[in-house]
Amino acid sequence: MTAVNLTHEPIEGEHFHVTSATTGDVWEIVVGLEVHCELATATKLFCSCPNHFGSEPNTNVCPVCLGLPGSLPVLNHQVVELAMRLGRALRCSVEPSVFARKNYFYPDMPKDYQVSQFDRPINVDGWLDLPDGTRVGVERAHIEEDTGKNTHAGGSGRIHGADYSLVDYNRAGVPLVEIVGRPHIRHPDQAKAYVDELRAILLATGASDAKMEEGSLRVDANVSVRRVGDTALGTRCEVKNLNSLRSLGRAIEYEARRQVDLLETGERVKQETRHWDEGAGRTRPGRSKEEAEDYRYFQEPDLVPLVPGPEWIAAVDAAMPELPAARRARLAETAGVTPAEAAIAVSRDLDGLAAAAIGAGGDPGRILTHVEHNLAVDGAGNLDPIHLAALVGLELDGKLTATQAKSVLAEMVATGEHPEAIAEAMGFEAMDTSALEGVLDGIVAGCPDEWVGYCEGDDKRRAKLQGFFVGKVMKATKGQADGKVVTALLEQRRVGAI
Amino acid sequence: MTSVPATAVAIAAAVRAGEVSAREVLDAHLAVIDERETDVHAFNLVLADEARVAATEVDRRVSVGEDPGPLAGVPVALKDNLCTRGIPTTCSSRILDGWRPPYDATVVSRVVAAGGIVMGKTNLDEFAMGSSTENSAFGPTRNPRDLDRVPGGSSGGSAAAVAAGFAPLSLGSDTGGSIRQPAALCGVVGVKPTYGLVSRYGLMAFASSLDQIGPFSTTVADSALLLEAIGGHDPRDSTSIAEPLAALTSVLDRGVAGLRVGLVSELMGEGIAPDVLARVHEAAAALVAAGAEIGEVSVPATSYGLSAYYLIAPAEASSNLARYDGVRFGLRVDAATTAEMNEATRTAGFGDEVKRRIMLGTYALSAGYYDAYYGQALKVRTLIVRDFAAAYERFDLLLAPTSPTTAFRFGAKTADPLSMYLNDVCTIPSNLAGHPAMSVPFGPGADGLPVGVQLLAPALGEATMFRAAAVVEAAAPALTEVAR
Amino acid sequence: MSERLTRDGVAHVARLARLSLTEAELDTYTEQLGAVLDFAADVAALDLADVAPTSHPIELANVLRPDVVGPCLDRAEVLAEAPSVEDDRFRVPAILGEEP
Numbered sequence: 001m002t003a004v005n006l007t008h009e010p011i012e013g014e015h016f017h018v019t020s021a022t023t024g025d026v027w028e029i030v031v032g033l034e035v036h037c038e039l040a041t042a043t044k045l046f047c048s049c050p051n052h053f054g055s056e057p058n059t060n061v062c063p064v065c066l067g068l069p070g071s072l073p074v075l076n077h078q079v080v081e082l083a084m085r086l087g088r089a090l091r092c093s094v095e096p097s098v099f100a101r102k103n104y105f106y107p108d109m110p111k112d113y114q115v116s117q118f119d120r121p122i123n124v125d126g127w128l129d130l131p132d133g134t135r136v137g138v139e140r141a142h143i144e145e146d147t148g149k150n151t152h153a154g155g156s157g158r159i160h161g162a163d164y165s166l167v168d169y170n171r172a173g174v175p176l177v178e179i180v181g182r183p184h185i186r187h188p189d190q191a192k193a194y195v196d197e198l199r200a201i202l203l204a205t206g207a208s209d210a211k212m213e214e215g216s217l218r219v220d221a222n223v224s225v226r227r228v229g230d231t232a233l234g235t236r237c238e239v240k241n242l243n244s245l246r247s248l249g250r251a252i253e254y255e256a257r258r259q260v261d262l263l264e265t266g267e268r269v270k271q272e273t274r275h276w277d278e279g280a281g282r283t284r285p286g287r288s289k290e291e292a293e294d295y296r297y298f299q300e301p302d303l304v305p306l307v308p309g310p311e312w313i314a315a316v317d318a319a320m321p322e323l324p325a326a327r328r329a330r331l332a333e334t335a336g337v338t339p340a341e342a343a344i345a346v347s348r349d350l351d352g353l354a355a356a357a358i359g360a361g362g363d364p365g366r367i368l369t370h371v372e373h374n375l376a377v378d379g380a381g382n383l384d385p386i387h388l389a390a391l392v393g394l395e396l397d398g399k400l401t402a403t404q405a406k407s408v409l410a411e412m413v414a415t416g417e418h419p420e421a422i423a424e425a426m427g428f429e430a431m432d433t434s435a436l437e438g439v440l441d442g443i444v445a446g447c448p449d450e451w452v453g454y455c456e457g458d459d460k461r462r463a464k465l466q467g468f469f470v471g472k473v474m475k476a477t478k479g480q481a482d483g484k485v486v487t488a489l490l491e492q493r494r495v496g497a498i
Numbered sequence: 001m002t003s004v005p006a007t008a009v010a011i012a013a014a015v016r017a018g019e020v021s022a023r024e025v026l027d028a029h030l031a032v033i034d035e036r037e038t039d040v041h042a043f044n045l046v047l048a049d050e051a052r053v054a055a056t057e058v059d060r061r062v063s064v065g066e067d068p069g070p071l072a073g074v075p076v077a078l079k080d081n082l083c084t085r086g087i088p089t090t091c092s093s094r095i096l097d098g099w100r101p102p103y104d105a106t107v108v109s110r111v112v113a114a115g116g117i118v119m120g121k122t123n124l125d126e127f128a129m130g131s132s133t134e135n136s137a138f139g140p141t142r143n144p145r146d147l148d149r150v151p152g153g154s155s156g157g158s159a160a161a162v163a164a165g166f167a168p169l170s171l172g173s174d175t176g177g178s179i180r181q182p183a184a185l186c187g188v189v190g191v192k193p194t195y196g197l198v199s200r201y202g203l204m205a206f207a208s209s210l211d212q213i214g215p216f217s218t219t220v221a222d223s224a225l226l227l228e229a230i231g232g233h234d235p236r237d238s239t240s241i242a243e244p245l246a247a248l249t250s251v252l253d254r255g256v257a258g259l260r261v262g263l264v265s266e267l268m269g270e271g272i273a274p275d276v277l278a279r280v281h282e283a284a285a286a287l288v289a290a291g292a293e294i295g296e297v298s299v300p301a302t303s304y305g306l307s308a309y310y311l312i313a314p315a316e317a318s319s320n321l322a323r324y325d326g327v328r329f330g331l332r333v334d335a336a337t338t339a340e341m342n343e344a345t346r347t348a349g350f351g352d353e354v355k356r357r358i359m360l361g362t363y364a365l366s367a368g369y370y371d372a373y374y375g376q377a378l379k380v381r382t383l384i385v386r387d388f389a390a391a392y393e394r395f396d397l398l399l400a401p402t403s404p405t406t407a408f409r410f411g412a413k414t415a416d417p418l419s420m421y422l423n424d425v426c427t428i429p430s431n432l433a434g435h436p437a438m439s440v441p442f443g444p445g446a447d448g449l450p451v452g453v454q455l456l457a458p459a460l461g462e463a464t465m466f467r468a469a470a471v472v473e474a475a476a477p478a479l480t481e482v483a484r
Numbered sequence: 001m002s003e004r005l006t007r008d009g010v011a012h013v014a015r016l017a018r019l020s021l022t023e024a025e026l027d028t029y030t031e032q033l034g035a036v037l038d039f040a041a042d043v044a045a046l047d048l049a050d051v052a053p054t055s056h057p058i059e060l061a062n063v064l065r066p067d068v069v070g071p072c073l074d075r076a077e078v079l080a081e082a083p084s085v086e087d088d089r090f091r092v093p094a095i096l097g098e099e100p
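Chains as they are written, first to last, in the working numbering: chain A, 1 to 498; chain B, 1 to 484; chain C, 1 to 100.
Simulated from the structure, these hints should not be mistaken for lab results. The beta carbon of each residue, even a glycine, is placed where N, CA and C say it ideally should be.
If you anchor each label on the Cβ, the simulated ranges turn out as follows:
| hint | chain 1 | residue 1 | chain 2 | residue 2 | range |
| --- | --- | --- | --- | --- | --- |
| 1 | C | Val68 | A | Leu203 | 20 to 26 Å |
| 2 | A | Tyr104 | B | Ala278 | 50 to 56 Å |
| 3 | A | Tyr104 | B | Gly295 | 47 to 53 Å |
Could you build all of it, start to finish, from the sequences and the hints given here?
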């Protein structure tokens, strides 16, 4: 593979430009995301306690994950397997690696150090491709242990006002992979797409269930700004407490504007950690520390190096499922659309259905439209692709209106029956054109003033009267007319009358 | 009383054969404790009741024809940095504040599974940091040979317990000499095994890449017996060697004919007391008389061993001891915030030497100093490994003193921490290299106090080392019987 | 290269290690730790650019365990040893500052 763009130059793709109202300068945002995912193993990283969300506090604990004196860590085989799957899915090289201690005091850390990977992580130098074609570099994806959970009690419930805290160590020692993305993202939507893509990869490889709402996927955003055309990176702030994709997008946008405002008034951006306040819609600075933390990293002496052999890496590669980017590309080719247009079908796991329906002769455009608008339902994956192709055929033959097709499709999902049978049972048939002309004759004759207005009025009046006539026809035909056909007939008549 | 054998090997055989009961054996030792423990203070906790229950159980098993195991009925004392479930484990520190571990160390389970009778937790320098047991928060242990002198450290209590006849066997831990040096000062056998041979699960960590658990005993054969019982792979310890333990007891009398033994020149000159040197030369002569070849060998990097050790060990310790923060167990000194509570707890709970080493270690790892100190020390370690490897191409074993002097008086070295650290100069290199080494008593020094000679072997060379130790032991001059 | 350890240096590491020292202790420890570091200066001064560090005395790698659930501790036994408990959790005083 050719080398990935590992510098900080802007990548082709949409940029989010903040144009200053005061100076007229155009700024761009630079975003690098750090994503932590909890791995979907049965047990924790270094002990055999269950890796389970939602248990009673302090019931999934042992001397190791409580950090009791004398305890020692032993690495979980499945953690390495899943970390390698994730790393290879992100096109990283799997390297010999070691563990390191990151030393700091915090009550949710049982040992007051976190075992992580520092200068020799397991996965390095990968990338992932977004649906819009942007390639975002992945610097590394390393293994580390999760902390326990503090609940703040007393005071306002937020940490700064708390009287005391309560600590649950069920989560302490849960295996994490931290994925450090390079600052190649330029738009809040790209950031969201990156997370979405990552989530899809995590699910496809089985590495994680990746639920932001349960904390098995956590996103921190490093945001900086610079004038368009600059190559140096601006000072960045790390934004935390992003609990949904929506927060991620809003926070990036807010933070970018905040930094532009600062820089434009001649101030500097202070490098700091900021927290996203969803309710207020803004970021706030974290508690400033007296001095920067010195983590005093050193190699973990209670663990030995991890050197996955070439056979293990080959086995991971051989078992790799088709990843979303490849599925998009494949469906795009089959359907004759861009990969971005194929994205929704893939994200709903309906690309197989769509491809098969297209293969059975169904119109690709119609099929993808149905997938996008009408098939975000349970059971859609069980649809018979031949039936779907047949449905689309009925639409294009004019035998079903779009509205009717939607109802038939819902029934197909529910019952699995053939669209023709369903349409007949529902009494659907689109009206043929000559019958429609007849209905239209009667209506036009009955509304002569409106007809004149439609033929001779300006665009706005014509659009309004078009709606009037279509409505009349629909009423007269009890909804069996196809609205598009009626509109076309009206226009033909008008033009012909001039 | 006199029907109770003196050595662990003999006790176990006699108990298994029904010649003496485990209860009798235990009671005999408890009686000695009653007599002398007030003077010696080897124990933080004597577990008389628990031991009686265990001994009764061993006797019951013998009575129904079951074999309780190779340590049947043998009383074993445990250094109080080994976790014992439900029994306070203090590390001789105030910061543990009576904490009862919810689990047993692997070595403890293995001693019990082998039929051994756990009968007490012995005193140590706080968190195993020291060479005299004067750093204990609960008062020092006294050398049974001379109550005005230190027993050595950090496993002073375990060494003294065996030397005083409180138990035929005890377990200690050795990070820079903490088994071997007190063994030498008290006149008993003490062994540091190959790193990874004995599981560290349940040993309250001082320096993770250096710590090893090992036996104290009055005879070489007894240490072999205990090491066989506790050694071998443990899946709970990632640094545990996979290979099974080599047989020791059965090879003890194979002798040393043809073995090449090297005297370590850097440890045989300046800084070592003349009477200690004399004993080492005599031990060398004994080996020659038994058919070994003696030579001299330089292991140059050992001169840097002390410096490297006093950077690596405190660095690892500063991290290992961070967990003592008043949150989950042990002492808590309350304060308005958690950070203040951590600080108040650790300041009140740790003694001076522990604080010194934590700060030294934190400094050695800190930003801007890592490369010059900790990073350099790890490279010195490489040099030591290389120099030993070169030495072991010419020799099968190495011979040296264990301690530069015999037991010193209380307070003699406490004013200057550096003077205390110099006690470890002969023992530290083996910890850095991960090699086994043991101290064998070899007669009195000029003042009548015990001298130990040290045998060093390459990794997993225990069998050869024990064979030579047996020969040295057989030739050792006797100490005078009565302690002062 | 290493400069002599200063009082500020000791105060800094004491803070990192969550230890509070009196002024007198600060003086004493600065002296004592300085002496140890001076002693270790021989190591700091060596030219070991071509020597690889040894973190571990043994040559083990790839020690792994199967992903199989094992027994956990009894919560009551654990919490019985805790300095302060509320709602089956470990209670600690107010936490200022965030998770780094």
